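A.B. asks: From first to last, the protein sequence lines stand for chains A and B. Our numbering applies: residue 1 is where the first sequence begins, and numbers increase by one. Our numbering applies: residue 465 is where the second sequence begins, and numbers increase by one.
Incorrect hints may have been included.
Derived SDA-like pairs (lysine to any residue); straight-line CA-CA distance at most 25 angstroms [to be verified]:
#  : chain 1 : residue 1 : chain 2 : residue 2
1  : B       : Lys-727   : A       : Tyr-179
2  : B       : Lys-521   : A       : Val-409
3  : B       : Lys-501   : A       : Gln-25
4  : B       : Lys-727   : A       : Val-409
5  : A       : Lys-216   : A       : Ser-343
6  : B       : Lys-521   : B       : Met-502
7  : B       : Lys-645   : B       : Pro-688
8  : B       : Lys-645   : B       : Lys-727
9  : A       : Lys-401   : A       : Gly-387
10 : A       : Lys-434   : A       : Ile-359
11 : A       : Lys-83    : B       : Met-466
12 : A       : Lys-445   : A       : Lys-140
13 : A       : Lys-445   : B       : Arg-673
14 : B       : Lys-501   : A       : His-270
15 : A       : Lys-26    : A       : Arg-72
16 : A       : Lys-267   : B       : Thr-536
17 : A       : Lys-267   : B       : Asp-548
18 : A       : Lys-140   : B       : Ser-558
19 : B       : Lys-645   : A       : Leu-129
20 : B       : Lys-727   : A       : Asn-47
21 : B       : Lys-727   : B       : Pro-560
22 : A       : Lys-445   : A       : Ser-343
23 : B       : Lys-727   : A       : Gln-25
24 : A       : Lys-434   : A       : Ser-288
25 : A       : Lys-198   : A       : Gln-117
26 : A       : Lys-434   : A       : Lys-26
27 : B       : Lys-727   : A       : Ala-269
28 : A       : Lys-128   : B       : Ser-736
29 : B       : Lys-475   : B       : Asp-525
30 : A       : Lys-274   : B       : Lys-645
31 : B       : Lys-475   : B       : Glu-545
32 : B       : Lys-899   : B       : Lys-645
33 : B       : Lys-781   : B       : Ile-837
34 : A       : Lys-128   : B       : Met-502
35 : A       : Lys-445   : B       : Leu-596
36 : A       : Lys-83    : B       : Gln-643
Computed footprint of chain B on chain A, listed as stretches where at least three residues anywhere in the stretch have a Cβ under 8 angstroms from a Cβ of chain B [claimed, not checked]:
#  : region
37 : 208-217
38 : 411-417
Because the hints were derived from the structure by calculation, they are not lab data. Keep in mind it's a predicted model, so treat the numbers as computed, not measured. All C-beta atoms, glycine included, are put in the ideal place defined by N, C-alpha and C.
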Amino acid sequence: MTDLKLPSAMNSLRGSLADFVAQGQKRAPYFSVLLSDRHSLEILVNNREERVTERPPHAGTVLSAFDGATMRERAIAGFDRDKVNAAMQELVSGVSFAKYAPPASPSRRGDFVTPMQSDPSALSVQEKLDRVREMQHFAKGLDPRIVNCQMVYRESNEYSVFANQNTDVAQRVLRVVLYMFVFVAGEDGQVRYNWQSKGATGGWEQSQFSEEEMRKVIDGAVALLSAERIEPGEYQIITAPGVSGVIAHESFGHGVETDMFLKERAKAAHFIDKVVGSPLVNIYDDPSLPGAYGSFFFDDEGMTTGPTQIVENGLFRRGITDFYSAAALGIPRSSNGRRQDYSRKAYARMSNTFFGAGISSLDDMLAQVDHGIYLDKWSSGMEDPKGWGIQVTCHYGHEIKGGKITERVFAPIGISGYVPDVLGSVTAVSNQFKLDPGGCGKGHKELVAVSSGGPHLLMKARLG
Amino acid sequence: MMLQKIIEALKARNELSGWSVRHNVTREAQVYLIGQKMEAQRLTGEENFRIEVFRQKTDSDGNAGMGTGEITLLPDGNVAEAIDTASLVAGLVSNPVYTLPAPAAIPDVPLLDEIVSRDPLGALDGVTRDMLAAASKLDDARLTSAEAFAEIQTVRHVNSRGVDAEQTSSSVSMEFVLQAKKGEQEVESFRELTRRRVSDLNIESEITRNARFTRDLLEAGAPPAWQGPVVMRNNLLATFVAGDYLSPGVLQSLGSAALKYAKGSSWEVGQSVFRGEVSGDPFTVWANRAIPYGITSNRFDLEGLPAQRVELIRDNKVVTFAASQRYADYLNLPPTGAFGGVELPAGKWETASLLEEPYVEIALFSWFNPDNITGDFSSEIRLGYLVENGVRKPFRGGQLVGNFLDALANVRWSKETGFLGHYLGPTTARFGNLKVAGE
Numbered sequence: 001m002t003d004l005k006l007p008s009a010m011n012s013l014r015g016s017l018a019d020f021v022a023q024g025q026k027r028a029p030y031f032s033v034l035l036s037d038r039h040s041l042e043i044l045v046n047n048r049e050e051r052v053t054e055r056p057p058h059a060g061t062v063l064s065a066f067d068g069a070t071m072r073e074r075a076i077a078g079f080d081r082d083k084v085n086a087a088m089q090e091l092v093s094g095v096s097f098a099k100y101a102p103p104a105s106p107s108r109r110g111d112f113v114t115p116m117q118s119d120p121s122a123l124s125v126q127e128k129l130d131r132v133r134e135m136q137h138f139a140k141g142l143d144p145r146i147v148n149c150q151m152v153y154r155e156s157n158e159y160s161v162f163a164n165q166n167t168d169v170a171q172r173v174l175r176v177v178l179y180m181f182v183f184v185a186g187e188d189g190q191v192r193y194n195w196q197s198k199g200a201t202g203g204w205e206q207s208q209f210s211e212e213e214m215r216k217v218i219d220g221a222v223a224l225l226s227a228e229r230i231e232p233g234e235y236q237i238i239t240a241p242g243v244s245g246v247i248a249h250e251s252f253g254h255g256v257e258t259d260m261f262l263k264e265r266a267k268a269a270h271f272i273d274k275v276v277g278s279p280l281v282n283i284y285d286d287p288s289l290p291g292a293y294g295s296f297f298f299d300d301e302g303m304t305t306g307p308t309q310i311v312e313n314g315l316f317r318r319g320i321t322d323f324y325s326a327a328a329l330g331i332p333r334s335s336n337g338r339r340q341d342y343s344r345k346a347y348a349r350m351s352n353t354f355f356g357a358g359i360s361s362l363d364d365m366l367a368q369v370d371h372g373i374y375l376d377k378w379s380s381g382m383e384d385p386k387g388w389g390i391q392v393t394c395h396y397g398h399e400i401k402g403g404k405i406t407e408r409v410f411a412p413i414g415i416s417g418y419v420p421d422v423l424g425s426v427t428a429v430s431n432q433f434k435l436d437p438g439g440c441g442k443g444h445k446e447l448v449a450v451s452s453g454g455p456h457l458l459m460k461a462r463l464g
Numbered sequence: 465m466m467l468q469k470i471i472e473a474l475k476a477r478n479e480l481s482g483w484s485v486r487h488n489v490t491r492e493a494q495v496y497l498i499g500q501k502m503e504a505q506r507l508t509g510e511e512n513f514r515i516e517v518f519r520q521k522t523d524s525d526g527n528a529g530m531g532t533g534e535i536t537l538l539p540d541g542n543v544a545e546a547i548d549t550a551s552l553v554a555g556l557v558s559n560p561v562y563t564l565p566a567p568a569a570i571p572d573v574p575l576l577d578e579i580v581s582r583d584p585l586g587a588l589d590g591v592t593r594d595m596l597a598a599a600s601k602l603d604d605a606r607l608t609s610a611e612a613f614a615e616i617q618t619v620r621h622v623n624s625r626g627v628d629a630e631q632t633s634s635s636v637s638m639e640f641v642l643q644a645k646k647g648e649q650e651v652e653s654f655r656e657l658t659r660r661r662v663s664d665l666n667i668e669s670e671i672t673r674n675a676r677f678t679r680d681l682l683e684a685g686a687p688p689a690w691q692g693p694v695v696m697r698n699n700l701l702a703t704f705v706a707g708d709y710l711s712p713g714v715l716q717s718l719g720s721a722a723l724k725y726a727k728g729s730s731w732e733v734g735q736s737v738f739r740g741e742v743s744g745d746p747f748t749v750w751a752n753r754a755i756p757y758g759i760t761s762n763r764f765d766l767e768g769l770p771a772q773r774v775e776l777i778r779d780n781k782v783v784t785f786a787a788s789q790r791y792a793d794y795l796n797l798p799p800t801g802a803f804g805g806v807e808l809p810a811g812k813w814e815t816a817s818l819l820e821e822p823y824v825e826i827a828l829f830s831w832f833n834p835d836n837i838t839g840d841f842s843s844e845i846r847l848g849y850l851v852e853n854g855v856r857k858p859f860r861g862g863q864l865v866g867n868f869l870d871a872l873a874n875v876r877w878s879k880e881t882g883f884l885g886h887y888l889g890p891t892t893a894r895f896g897n898l899k900v901a902g903e
């Protein structure tokens with residue numbers, strides 16, 4: 001039996017979940033219980049101060065009752081058996097549930113824990129602080145133009161237990177992420193900055209930047225001191241893996257969350273098995289990807305994880321689902337029912353979303369560009385599931401001239417266009433593959449840990 | 465009582481030079497609609513105690529330093545263990561010394577809607593009913609989904625210097641999607657907003673305004689290539705000036721003492737915020753935490769500092785920075801506390817005079833998300849209008865490209881003002897020279 005080291009109150013309530021499910025199901029056609037405890041530690045060191053913060057935890061119990069039409073839930077802080085019992089009585093009493101037969105699901109049982117070489121909980125805060133100080137001290141000395149260098153380490157522990165009639169599963173997911181921010185000052189006093197993040201599900205062994213990675217962050221910030229604004233227009237572009245990932249995330253990530261199908265907000269609903277990109281385009285969402293920052297073992301609705309191929313050789317195949325939207329649409333579930341924390345509703349949400357790798361080398365791709373832009377780093381993106389417009393902003397990009405990346409830098413750069421047009425213009429996909437860690441909201445809320453990425457892509461888009 | 469137990473335990477710790485505790489209690493109702501049907505209804509609650517402890521220390525060179533440790537305790541958590549952990553952490557880190565806020569008069573900023581306080585779920589029933597009623601009056605757009613949230617939060621803040629303050633606030637949020645169809649073409653508009661009072665949501669007018677945008681999206685053409693006057697109004701102007709209330713804007717970032725201390729802000733007290741000549745109206749800003757029912761207002765902030773209305777920029781020049789006690793001490797500034805809302809004075813122009821043709825008006829962005837350090841932006845336009853020769857022609861797509869501070873150096877503000885949640889100020893602005901990257 002895997003030792004999850006569940007928090008004691010959660011572990012103690014776990015033994016009662018079968019009873020709660022049995023009682024709840026006497027009234028509600030479908031009943032489930034989720035115990036969720038999420039807490040994290042953050043260590044920040046910069047040139048002028050340092051902080052160690054235990055970020056506010058979210059720990060509570062979610063009781064869900066469903067009759068095929070409405071999902072009714074009570075979310076209770078903590079794991080007190082009496083409080084949970086009282087909430088359950090309140091939830092199922094006085095409600096007239098419709099008759100409903102939930103879809104059959106296989107029995108799911110098991111305890112899962114993120115594989116890691118070195119469990120951060122076995123290390124002292126002093127050891128972690130010393131590592132972060134050491135990295136920060138090294139990085140700040142790499143260039144005299146640095147006016148501040150900030151190193152941030154964050155570890156997040158997510159413990160979940162889920163039970164319904166056929167399911168009894170528990171997991172501990174550990175995410176670690178490192179951020180490096182650099183501020184540099186130009187001769188005119190103007191400040192420019194750059195950053196890099198590196199994250200994984202895994203242990204302490206993941207928390208290290210190499211000197212090469214640090215220098216790249218600094219070089220990016222220094223280059224921005226002489227950056228120009230780009231002349232708006234259509235360009236041949238090559239996207240770095242992180243930029244490719246944001247395009248996947250905003251277009252065929254948010255755009256295929258099937259709760260959006262139910263709300264008639266997704267244009268993709270009308271494109272199943274239709275062409276949405278060039279035959280070189282493959283897009284996946286995979287919460288089971290080992291070590292990726294957005295990975296987990298089962299979602300917040302008890303569904304064990306596996307990959308979903310969203311776009312296959314340019315054809316849109318299927319979306320990603322939560323329990324409610326799959327039930328309402330009568331489509332197979334994928335393991336994407338996720339909550340920000342116990343106090344929030346579950347929606348269809350992404351995990352690790354990426355373009356599949358191709359066969360081209362980056363050098364071969366560059367050789368195909370006489371005049372274009374290499375988009376190095378993304379800074380933000382926004383979905384448009386109904387209109388399929390792309391809104392991705394890049395922190396900076398480099399000019400490509402005669403098949404070579406030059407020193408000329410443009411910043412910031414907005415990418416816009418119609419998704420099928422942009423993806424339809426993909427003419428080469430690199431054999432390199434990389435994922436960036438990040439946070440994803442639904443609109444402006446419901447933040448969950450995700451990653452996005454893929455290979456380099458060669459295509460055409462409007463920049464401004 | 466848990467709070468008292470924590471306070472007694474903190475007082476008994478000799479190694480601590482100071483401490484604060486914040487007791488947070490939240491209850492919330494949530495309703496989700498698909499069309500007219502309820503998809504989900506949720507009731508949720510949360511309670512915790514945020515503890516911060518401080519330890520003084522002296523380094524090997526005899527310099528005074530200070531360490532802080534923070535931890536959050538859930539009800540029934542182990543108090544002694546939590547304080548041990550926080551104290552241990554405070555012993556590990558070392559920063560320049562700063563003080564805790566001392567007791568001071570706390571202003572009575574209105575923050576609570578009694579309707580929400582009495583019955584959050586009942587308040588939401590009213591919100592969703594009003595949304596559906598307003599949408600039912602539309603003949604060429606329909607509401608396809610909506611969400612609504614009502615929250616009551618009570619905070620009590622106590623520190624070792626004698627601050628003991630309490631506030632209860634409400635917030636109510638709604639978001640809705642309106643769609644319209646013409647032949648095979650379908651379009652939508654999305655709107656989300658938060659206020660402290662249900663009455664400030666102005667549900668019917670929000671639905672009506674967004675229905676107009678939705679209809680115009682059906683008629684929208686390709687974006688023009690444009691360089692010249694650009695008009696912004698109401699909610700969009702509030703977002704441009706004050707950011708999204710969940711992701712603060714350029715003013716909050718560059719005007720922050722924390723960023724100044726981190727050397728991320730190039731602003732200097734007494735110097736202009738603009739890098740070139742100012743050809744528009746002079747720019748004055750208050751960071752105001754005392755706006756009645758403002759969504760970023762409070763009676764006291766996370767450190768316990770009372771709400772203030774702080775003049776941040778006067779006639780283009782920085783007066784001070786929004787400074788927590790910590791960064792005020794570090795930078796030798798007056799402590800103002802958290803930024804709060806953005807307040808601008810009324811302009812001198814009648815709105816009609818700001819609408820001299822030709823101009824472009826931006827109605828909806830995909831997301832206005834400027835670089836908060838440089839002010840540069842390149843934001844996709846979801847709906848705009850080219851207004852010339854008496855014709856108001858909608859367009860979609862393209863990008864508004866520019867720099868936030870350069871834009872403010874060449875702007876005229878309306879006399880008419882309004883309250884828009886986290887913004888209080890002119891409701892129309894005409895920017896003299898912005899670029900639309902169109903076709």
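A.B. asks: The structure should be examined with respect to each hint, and the outcome stated for every one.
C.D. replies: Now the hints, each set against the structure:
Between the alpha carbons of B/Lys-727 and A/Tyr-179 the distance comes to roughly 18 angstroms, so the proposed pair stays at or under 25 angstroms and holds. Of the pairs offered as hints, the one joining B/Lys-521 and A/Val-409 is violated, with about 46 angstroms between alpha carbons and a cut-off of 25 angstroms exceeded. About 23 angstroms separates the Cα atoms of B/Lys-501 and A/Gln-25, which keeps this hinted pair within 25 angstroms; it holds. In summary, the hint linking B/Lys-727 to A/Val-409 is supported, as the alpha carbons are separated by about 23 angstroms, within the 25 angstroms threshold.
For the given pair, A/Lys-216 sits about 40 angstroms from A/Ser-343 by alpha-carbon distance, which is inconsistent with the 25 angstroms threshold. A C-alpha spacing of about 58 angstroms is found between B/Lys-521 and B/Met-502, which places the hinted pair above 25 angstroms, so the restraint is violated. Restraint check for B/Lys-645 and B/Pro-688: the C-alpha separation of about 24 angstroms stays at or below 25 angstroms, so the hint holds. Distance hint between B/Lys-645 and B/Lys-727 is unfulfilled; the C-alpha atoms sit about 51 angstroms from each other, more than 25 angstroms.
With a CA separation close to 33 angstroms, the supplied pair A/Lys-401 and A/Gly-387 exceeds the 25 angstroms bound. Straight-line distance between C-alpha atoms of A/Lys-434 and A/Ile-359 comes to about 15 angstroms, which keeps the hinted pair within the 25 angstroms bound. For the hint pairing A/Lys-83 with B/Met-466, the CA-to-CA distance comes to about 18 angstroms; that is within 25 angstroms, so the pair holds. For the hint pairing A/Lys-445 with A/Lys-140, the CA-to-CA distance comes to about 34 angstroms; that exceeds 25 angstroms, so the pair is violated.
For a cut-off of 25 angstroms, the pair hint linking A/Lys-445 to B/Arg-673 stands: about 23 angstroms separates their Cα positions. Taking the CA atoms of B/Lys-501 and A/His-270, the gap is near 23 angstroms; set against the 25 angstroms cutoff, the hint holds. The straight-line distance between the Cα atoms of A/Lys-26 and A/Arg-72 is roughly 15 angstroms, inside the 25 angstroms bound, and the hint therefore holds. This hinted pair does not check out: A/Lys-267 and B/Thr-536 have alpha carbons roughly 43 angstroms apart, beyond 25 angstroms.
The straight-line distance between the Cα atoms of A/Lys-267 and B/Asp-548 is roughly 54 angstroms, outside the 25 angstroms bound, and the hint therefore fails. Straight-line distance between C-alpha atoms of A/Lys-140 and B/Ser-558 comes to about 18 angstroms, which keeps the hinted pair within the 25 angstroms bound. Annotation: proposed proximity of B/Lys-645 to A/Leu-129 is violated, straight-line Cα distance about 57 angstroms (limit 25 angstroms). Distance restraint check for B/Lys-727 and A/Asn-47: the Cα-Cα separation of roughly 10 angstroms lies within the 25 angstroms cut-off, and the hinted pair is therefore satisfied.
At most 25 angstroms may separate the alpha-carbon atoms for a hinted pair to count; B/Lys-727 and B/Pro-560 meet this at roughly 16 angstroms. A C-alpha spacing of about 12 angstroms is found between A/Lys-445 and A/Ser-343, which places the hinted pair at or below 25 angstroms, so the restraint holds. For a cut-off of 25 angstroms, the pair hint linking B/Lys-727 to A/Gln-25 is broken: about 58 angstroms separates their Cα positions. Under the criterion of a C-alpha separation no larger than 25 angstroms, the hint pairing A/Lys-434 with A/Ser-288 is consistent with the structure, at around 16 angstroms.
For the proposed pair A/Lys-198 and A/Gln-117, the alpha carbon gap of about 17 angstroms is at most 25 angstroms, so the pair holds. Taken as a hint, the A/Lys-434 and A/Lys-26 pair is broken in the structure, with Cα atoms around 48 angstroms apart against an allowance of 25 angstroms. Of the pairs offered as hints, the one joining B/Lys-727 and A/Ala-269 is violated, with about 48 angstroms between alpha carbons and a cut-off of 25 angstroms exceeded. At most 25 angstroms may separate the alpha-carbon atoms for a hinted pair to count; A/Lys-128 and B/Ser-736 exceed this at roughly 42 angstroms.
The straight-line distance between the Cα atoms of B/Lys-475 and B/Asp-525 is roughly 30 angstroms, outside the 25 angstroms bound, and the hint therefore fails. With a C-alpha separation of about 22 angstroms, the suggested pairing of A/Lys-274 with B/Lys-645 holds against the 25 angstroms cut-off. Restraint check: the Cα-Cα separation between B/Lys-475 and B/Glu-545 comes to about 15 angstroms, which is no more than 25 angstroms; the hinted pair holds. Annotation: proposed proximity of B/Lys-899 to B/Lys-645 is violated, straight-line Cα distance about 31 angstroms (limit 25 angstroms).
Straight-line distance between C-alpha atoms of B/Lys-781 and B/Ile-837 comes to about 17 angstroms, which keeps the hinted pair within the 25 angstroms bound. Restraint check for A/Lys-128 and B/Met-502: not satisfied, since their Cα atoms lie roughly 48 angstroms apart, outside the 25 angstroms limit. Taking the CA atoms of A/Lys-445 and B/Leu-596, the gap is about 23 angstroms. The hint holds against a cut of 25 angstroms. The suggested pairing of A/Lys-83 with B/Gln-643 is violated, with an alpha-carbon distance near 42 angstroms, which exceeds 25 angstroms.
Here's how the region 208-217 of chain A fares: 0 of its residues keep a CB closer than 8 angstroms to some CB of chain B, so the rule of at least three is not met and the hint is violated. Residue count for the region 411-417 of chain A with a Cβ under 8 angstroms from a Cβ of chain B: 5. That meets the three needed, and the coverage hint holds.
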